[in-house]
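Starting from the given sequences, assemble the full structure and let the hints guide the process.
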Amino acid sequence: MRIVEAGFFCLGLERRMATGIYGEESQNGACREGIISIVDENPQEKNDSSCQGNPGKPPRNLMVIRRSISQATLAGIFELEATNQITGLKSPPQVESAGIVPVFRSGSCAEMGPKSYMEDKHICVENLHKHFDNNPQKFPSPSAFFGVFDGHGGVDAASFAQKNLLNFIVEDSHFPSSSKRAIRSAFARADHALADAKSLDSSSGSTALAALMLGRTTIIANVGDSRAVLGKRGRAIELSKDHKPNCTSERLRIEKLGGVVYDGYLNGQLSVARALGDWHLKGPKGLKGPLSAEPELEEVILTEEDEFLIMGCDGLWDVMSSQCAVTMVRKELRAHNDPEKCARELVREALKRNTCDNLTVVVVCFSPDPPPQIEIPRFSRRRSISAEGLDLLKGVLSNI
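First residue of the sequence shown: 1, per the UniProt record's numbering; consecutive thereafter.
Misleading hints may appear alongside valid ones.
[Unchecked claim] Listed next, with one range per pair, are the computed distances between beta-carbon atoms:
#, residue 1, residue 2, range
1, 269, 377, 51 to 57 Å
2, 167, 215, 19 to 25 Å
3, 372, 318, 27 to 33 Å
4, 138, 377, 43 to 49 Å
5, 354, 267, 24 to 30 Å
6, 369, 193, 40 to 46 Å
7, 248, 286, 45 to 51 Å
8, 349, 133, 34 to 40 Å
[As the list claims (entries may be wrong)] Only pairs whose alpha carbons sit at most 25 Å apart, straight line, appear in this in silico PhoX-like list of lysine-lysine:
#, residue 1, residue 2
9, 285, 256
10, 285, 180
11, 288, 241
12, 232, 180
13, 130, 180
14, 180, 115
15, 341, 232
16, 352, 331
17, 352, 341
18, 341, 331
19, 288, 180
20, 198, 163
21, 115, 341
22, 244, 285
23, 331, 232
24, 241, 180
25, 232, 130
26, 241, 256
27, 163, 180
In case anyone wonders, no lab produced these hints; they're calculated from the structure.
Fair warning: this is a prediction, and the values are worked out from it, not measured in the lab.
Note that the Cβ used here is the ideal one computed from N, Cα and C, for glycine as well.
Here's what the structure looks like:
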């Protein structure tokens, strides 16, 4: 689209309209105005988006749209739109991200919720140097590890993953030179260990959501329907995908390997498409079946805009959107800057919304300071228009 400006004079308009709507009035009762023409350079182009509206743009099926409106008034309209759309938010000036050194602070909260037993487990290690004091040279500074494990069929699998997954990662021969490969190997090792452990219930299973942070590099590994969400200047960025059986990609994988999805359940029994354990459903080791323990990985390099990470089991996300959680945590951090209180507030809110599951939430901050205020851009001049003036303006435009 091309915006063309040309000057013209609106003659014969009411004196009130000239002063109240268009701005400065000339001596003879006319107002000097700018005309804005929006010309469609490609009249054949169509709008392919059938699911999302775009209220900020004019209809594209009109060749030329003219508006009798001043530039100052146009700026005022743009300001009103900016205050109502998140795309209008302006972040504070960025510093070169190469010099950013994250400081990991975390808080967690776990509640049984309406269930009669607790099957969730989690782990928070803010400093891997101190945790592995016998071999600190393996880790860059700073480094941390966080995990959420949502068990089912008993707590055995979740407890085993909580106690051993980090050790399996660090002990892998590919760590730290190839951390992603080490994480995949550790998940497979944990899954096979659950099959071999005689003291554990073979029908027990667990989701596994892990965050390995090495300097500014964060690797998210996920198996199951827990979720990791990054707070980026107030915006929610999902770093993991919920592995539900009725998800299209998971359903196709399941059916390709001989499984079925019935009423949202894998083989009519399990509400997740990936999990550690559950060997009564997987069959013999080495056989690739519909229920997978292979994690999906996501790697991000932290910048100044990345403020915190929320990790939670499905008990939270069943009743709350990712954006809602990020908005709540950011508001709480600005009030008290305590990630543990933030985690407790998310759990409390999920209980108010009548979640049906156990609740586990981990909040990890990347800075010792609270998130900064988000500034909304302001214009030097503002214009408003009354309902009566708007009707008069419509009449003028209809005659052009």
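Hints, one by one, checked against the model:
| no. | hint | verdict |
| --- | --- | --- |
| 1 | 269 to 377: 51 to 57 Å | 54 Å, holds |
| 2 | 167 to 215: 19 to 25 Å | 21 Å, holds |
| 3 | 372 to 318: 27 to 33 Å | 32 Å, holds |
| 4 | 138 to 377: 43 to 49 Å | 46 Å, holds |
| 5 | 354 to 267: 24 to 30 Å | 29 Å, holds |
| 6 | 369 to 193: 40 to 46 Å | 41 Å, holds |
| 7 | 248 to 286: 45 to 51 Å | 28 Å, violated |
| 8 | 349 to 133: 34 to 40 Å | 38 Å, holds |
| 9 | 285 to 256 | 19 Å, holds |
| 10 | 285 to 180 | 23 Å, holds |
| 11 | 288 to 241 | 21 Å, holds |
| 12 | 232 to 180 | 24 Å, holds |
| 13 | 130 to 180 | 22 Å, holds |
| 14 | 180 to 115 | 35 Å, violated |
| 15 | 341 to 232 | 20 Å, holds |
| 16 | 352 to 331 | 18 Å, holds |
| 17 | 352 to 341 | 16 Å, holds |
| 18 | 341 to 331 | 11 Å, holds |
| 19 | 288 to 180 | 21 Å, holds |
| 20 | 198 to 163 | 17 Å, holds |
| 21 | 115 to 341 | 23 Å, holds |
| 22 | 244 to 285 | 23 Å, holds |
| 23 | 331 to 232 | 13 Å, holds |
| 24 | 241 to 180 | 17 Å, holds |
| 25 | 232 to 130 | 29 Å, violated |
| 26 | 241 to 256 | 20 Å, holds |
| 27 | 163 to 180 | 20 Å, holds |
Hints 7, 14 and 25 from the earlier list are contradicted by this structure; the remaining hints agree with it.
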